[in-house]
Amino acid sequence: MKILYPFVAVIGLMLFAFLGVQVGMDSLFGIVIPYLAFLIFIGGFINKVVGWAKSPVPFRIPTTCGQGQSLPWIKQAKIDDPSTTLGVVQRMALEVLLFRSLFRNTQADVYDGPKLRYGSSKYLWLFALMFHYSFAVIVIRHMRLFTDPMPFFVPILEFFDGILQIGAPTLYQSDLVLLGALTLLFLRRIILANVRYISLPADYFPLFLIFAIASTGILMRYFVRVDVINIKQLAVGLASFSPVLADDIGSLFYIHIFLVSTLIAYIPFSKLMHMGGIFMSPTRNLANNSRMVRHINPWNDPSIKPHSYAGYEDDFRDVMAEAGLPLEKELPPEEPVAEEEQGKATETPAE
Amino acid sequence: MADMKVDELGVSVARGPSLMTGAVPTKDWQEVPAVFKPGNYCYPAKASMVEYHSKSLPGLFGEPREWDVESDDWKLPENWKEIIINGMKERLDKFRSFKIFMDCCVRCGACADKCHFFLGTGDPKNMPVLRAELLRSVYRNDFTKAGKILGKFAGAREMTFGVLKEWFMYFYQCTECRRCSVFCPYGIDTAEITMMARELLHLVGVGTNWILEPAANSNRTGNHLGLQPHTFKENAEYMLDDIEEVTGVRLKNLNFNRKGAEVLFVIPSADVFADPGIYTFMGYIMMFEHIGLDYTISTYASEGGNFGSFTNNELMKKLNGKMYAEAKRLGVKWILGGECGHMWRVLHQYMDTMNGPADFLEVPKSPITGTVFENAASTKMVHISEFTADLIRHGKLKLDPSRNDNRIVTFHDSCNPSRGMGMLEEPRYILKHVCNNFHEMPENTIRESTFCCGSGTGLNTGEIMELRMRGGLPRANAVKYVKDKHGVNMLSCVCAIDRATLLALMQYWNPNVGVCGISELVGNALIMDGEKERDQDLRFETLPGMEGDADV
Ligand code: SF4
Ligand code: SF4
Chain Z
1 MKILYPFVAV IGLMLFAFLG VQVGMDSLFG IVIPYLAFLI FIGGFINKVV GWAKSPVPFR
61 IPTTCGQGQS LPWIKQAKID DPSTTLGVVQ RMALEVLLFR SLFRNTQADV YDGPKLRYGS
121 SKYLWLFALM FHYSFAVIVI RHMRLFTDPM PFFVPILEFF DGILQIGAPT LYQSDLVLLG
181 ALTLLFLRRI ILANVRYISL PADYFPLFLI FAIASTGILM RYFVRVDVIN IKQLAVGLAS
241 FSPVLADDIG SLFYIHIFLV STLIAYIPFS KLMHMGGIFM SPTRNLANNS RMVRHINPWN
301 DPSIKPHSYA GYEDDFRDVM AEAGLPLEKE LPPEEPVAEE EQGKATETPA E
Chain S
1 MADMKVDELG VSVARGPSLM TGAVPTKDWQ EVPAVFKPGN YCYPAKASMV EYHSKSLPGL
61 FGEPREWDVE SDDWKLPENW KEIIINGMKE RLDKFRSFKI FMDCCVRCGA CADKCHFFLG
121 TGDPKNMPVL RAELLRSVYR NDFTKAGKIL GKFAGAREMT FGVLKEWFMY FYQCTECRRC
181 SVFCPYGIDT AEITMMAREL LHLVGVGTNW ILEPAANSNR TGNHLGLQPH TFKENAEYML
241 DDIEEVTGVR LKNLNFNRKG AEVLFVIPSA DVFADPGIYT FMGYIMMFEH IGLDYTISTY
301 ASEGGNFGSF TNNELMKKLN GKMYAEAKRL GVKWILGGEC GHMWRVLHQY MDTMNGPADF
361 LEVPKSPITG TVFENAASTK MVHISEFTAD LIRHGKLKLD PSRNDNRIVT FHDSCNPSRG
421 MGMLEEPRYI LKHVCNNFHE MPENTIREST FCCGSGTGLN TGEIMELRMR GGLPRANAVK
481 YVKDKHGVNM LSCVCAIDRA TLLALMQYWN PNVGVCGISE LVGNALIMDG EKERDQDLRF
541 ETLPGMEGDA DV
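Chains as they are written, first to last, in the numbering used here: chain Z, 1 to 351; chain S, 1 to 552.
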């Protein structure tokens with residue numbers, strides 16, 4: 001069920017767009033929905049980030065993944081346990097660009113003894129990198145459609161993406177890598193027992209959705225002819241707020257653009273917001289300098305005071321005097337101070 | 001003490017049906033209720049304890065009452081759901097970490113097999129991601145649009161008594177060790193989520209006694225053991241006799257509550273009470289005497305450990321505040337802290353923010369070496385290992401490491417100093433100078449990847465012994481590895497809770513491996529002025545090479 005529902009949902013979305021275009025709702029799918037999705041995305045994204053930013057970071061709680069700054073002759077792990085902004089920037093860059101934490105991943109086994117064994121496990125890191133980078137390349141390649149003239153780096157990227165020069169039109173490696181990575185991520189989710197167990201429909205849905213987007217895109221490019229001139233015209237029109245719809249774009253295109261719209265609109269309300277959250281995670285983006293620099297908590301309540309020393313002494317003045325401990329307020333003079341007692345405690349621990 | 005014999009438990013961990021061994025539960029986790037049985041939960045807090053804390057922090061600990069975890073009536077207030085949801089809202093507004101950690105998990109599973117409780121129990125809900133989902137599902141239901149619209153499809157569920165039971169079960173099966181956070185691509189720290197969940201549980205009066213009672217003791221007597229001032233002092237002084245017997249030197253500088261001392265020394269109070277912490281304490285004071293440190297120990301601030309941090313921010317702040325208050329009253333220049341784990345997490349990450357600025361203190365400077373501790377410039381608190389490492393580096397300690405030759409030592413990075421402070425090298429530097437046989441445990445089990453003792457954050461209680469032995473298995477197993485390979489017989493650490501919990505853990509899984517603080521080994525190696533020829537260590541065990549002429 002967890003897998004079936006999201007699968008059916010994606011198929012449903014595709015059918016919806018297909019049928020919609022059949023009955024002539026081209027401008028709804030070609031213009032209105034993309035704009036709407038984009039608005040939802042921008043609004044939702046900002047809303048979410050602002051929502052996060054509204055909550056303060058009261059305490060400095062970085063996870064330290066190496067030696068902190070300490071005595072001058074002790075080598076600090078400047079990136080994994082940064083004490084300066086520069087270190088934090090480096091840490092974040094490694095995290096965002098190279099998925100450093102995932103690179104650390106290990107896998108544990110229990111076997112008779114009982115013994116535990118930890119093996120290095122880098123495939124999630126690899127699949128995630130493959131997925132995110134190919135996705136990024138494809139998104140940038142699409143700028144060819146939306147811009148006129150297109151930025152200089154788009155053709156360069158396209159050149160390298162198609163450097164293997166297979167087939168005509170030239171096969172982009174990013175297309176293959178994306179589909180491959182999606183498949184691997186999906187397989188990982190259903191093969192690894194514990195990952196399968198934690199997965200929700202909301203985890204499969206984006207996988208299927210992106211898979212469908214990539215497939216329709218690839219179909220259009222390599223197999224089913226769509227009118228690229230008209231698509232470019234529409235895309236540039238959309239980007240310049242004066243969209244023009246030609247009649248013969250082909251329904252595959254509408255399915256594609258509807259799925260993309262769904263994805264874009266879905267982002268702010270789902271786990272896909274991790275793209276924003278990663279930058280704001282307090283365990284990663286803070287310098288570990290909380291003993292060096294004072295950090296302010298806006299809601300700190302100064303009225304919370306420790307049980308006072310005076311109260312403590314009031315409670316224990318007799319025994320303190322007896323034990324010869326210094327007092328702020330002496331006992332009344334008539335009470336003699338007994339000799340200090342030696343001996344082991346008789347109290348029992350709290351346990 | 002433990003319910004299960006070691007082989008039984010061993011077989012159960014390695015072959016029992018659990019997700020860790022490949023037996024996948026047939027039901028979705030949302031459909032598996034938490035079932036309480038004697039031994040798998042901590043006893044609820046006594047009414048008197050709840051009442052005590054509620055007096056100074058009203059509204060944070062719920063209704064004082066006697067209740068039974070196994071019963072279906074926890075005597076919750078009528079509006080308990082509302083209290084929880086409102087409490088959640090309040091905390092979402094107070095902590096960005098909480099909000100982001102609720103929103104960003106992609107359930108990639110990178111954290112799944114990183115938790116010692118999952119490895120030891122195989123219980124899926126001990127995977128950090130699912131532990132967080134227990135709370136996150138309610139968050140989605142009440143605080144997100146997707147959850148409201150899509151419900152179960154988006155992983156949302158309503159707050160029910162069943163969910164509350166799960167929270168109690170699994171947020172008291174998390175030691176807030178942060179190991180999961182190291183591996184998460186977004187740094188999602190389940191320890192933070194556990195802290196929030198525990199705050200919420202306390203709001204409706206669902207707390208455990210082994211946390212609230214030590215916290216009450218800390219508040220009233222200064223230390224979690226409830227040692228009254230005279231007992232605390234006597235206990236500490238009693239050790240002077242033992243030290244004299246071993247070294248022939250009578251220490252003169254141990255003193256309490258003395259105004260005008262240069263340094264206030266705060267310890268985890270277990271170090272003056274229980275074996276093996278007391279040997280660590282001996283090590284501290286021998287070293288201070290050796291270097292002539294002008295220090296005092298307070299009976300009022302006689303606990304560094306902070307049991308409040310296992311309940312909520314407010315109590316944590318309240319208990320922590322005593323150290324600065326006492327430093328001010330005594331007029332010391334700076335504060336030195338003993339070997340304690342969560343004490344240091346609180347000191348390092350929260351203290352200055354909660355109870356600072358410590359502008360009545362000076363930036364710590366070692367009076368012996370002149371080193372200024374820049375890394376403690378604001379908090380004005382130095383860790384004893386930093387202090388000792390600096391002394392050794394400057395050749396201020398006369399050491400004979402061969403006196404620890406009967407010890408083949410390994411080092412347990414306690415979670416809080418390693419993953420909360422980033423203190424990894426100082427203890428190792430000290431160890432390498434005070435003993436000749438030091439071996440590291442395997443790479444994936446030390447430093448930032450260190451495994452928890454399995455009984456921190458108020459889980460160090462007898463009624464859940466099996467759970468503790470399961471949770472401690474990864475740690476014990478790594479020790480066993482070096483025990484088999486190098487004959488390790490001593491597990492050193494810089495945490496008082498560890499000294500208590502690892503001892504039980506070693507006795508269970510690795511008999512014959514002892515547990516000690518780093519300072520104990522320093523004390524053994526230290527060549528004191530005017531000492532006699534030593535033939536025993538601080539535990540009155542005969543030193544190697546001295547077997548013949550030990551005066552019995
Ligand atoms: S590693 Fe982080 S993102 Fe992945 S499942 Fe665990 S908490 Fe979620
Ligand atoms: S903080 Fe530690 S105990 Fe808690 S879930 Fe993470 S690894 Fe497990």
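Note that these hints are calculated values from the structure, not bench results.
Where a beta carbon is used, it is the ideal one built from N, C-alpha and C, also for glycine.
Among the clues, some could well be false.
Distance ranges between label pairs, derived from CB positions [stated by the list, open to error]:
1. S48/S / S308/Z: 15 to 25 angstroms
2. M25/Z / G22/S: 27 to 37 angstroms
3. I42/Z / G151/S: 25 to 35 angstroms
4. S121/Z / D142/S: 43 to 53 angstroms
5. G162/S / I229/Z: 52 to 62 angstroms
6. E330/Z / G530/S: 31 to 41 angstroms
7. D248/Z / D142/S: 24 to 34 angstroms
8. A246/Z / T160/S: 36 to 46 angstroms
9. I163/Z / G22/S: 38 to 48 angstroms
Status of each hint after checking the structure:
1. With their beta carbons about 22 angstroms apart, S48/S and S308/Z fall inside the hinted range of 15 to 25 angstroms.
2. Range check, M25/Z to G22/S: about 51 angstroms between beta-carbon atoms, so the 27 to 37 angstroms window is missed.
3. Separated by about 26 angstroms at the C-beta atoms, I42/Z and G151/S satisfy the suggested range of 25 to 35 angstroms.
4. The given range of 43 to 53 angstroms is broken by S121/Z and D142/S, whose C-beta atoms sit roughly 36 angstroms from each other.
5. Under the hint 52 to 62 angstroms, the C-beta atoms of G162/S and I229/Z, about 60 angstroms apart, fit the expected range.
6. The hint said 31 to 41 angstroms for the Cβ distance between E330/Z and G530/S, and at roughly 37 angstroms that hint holds.
7. About 49 angstroms separates the C-beta atoms of D248/Z and D142/S, a value inconsistent with the hinted range of 24 to 34 angstroms.
8. Under the hint 36 to 46 angstroms, the C-beta atoms of A246/Z and T160/S, about 55 angstroms apart, miss the expected range.
9. Checking the proposed 38 to 48 angstroms range against I163/Z and G22/S shows it holds: the Cβ atoms sit about 43 angstroms from each other.
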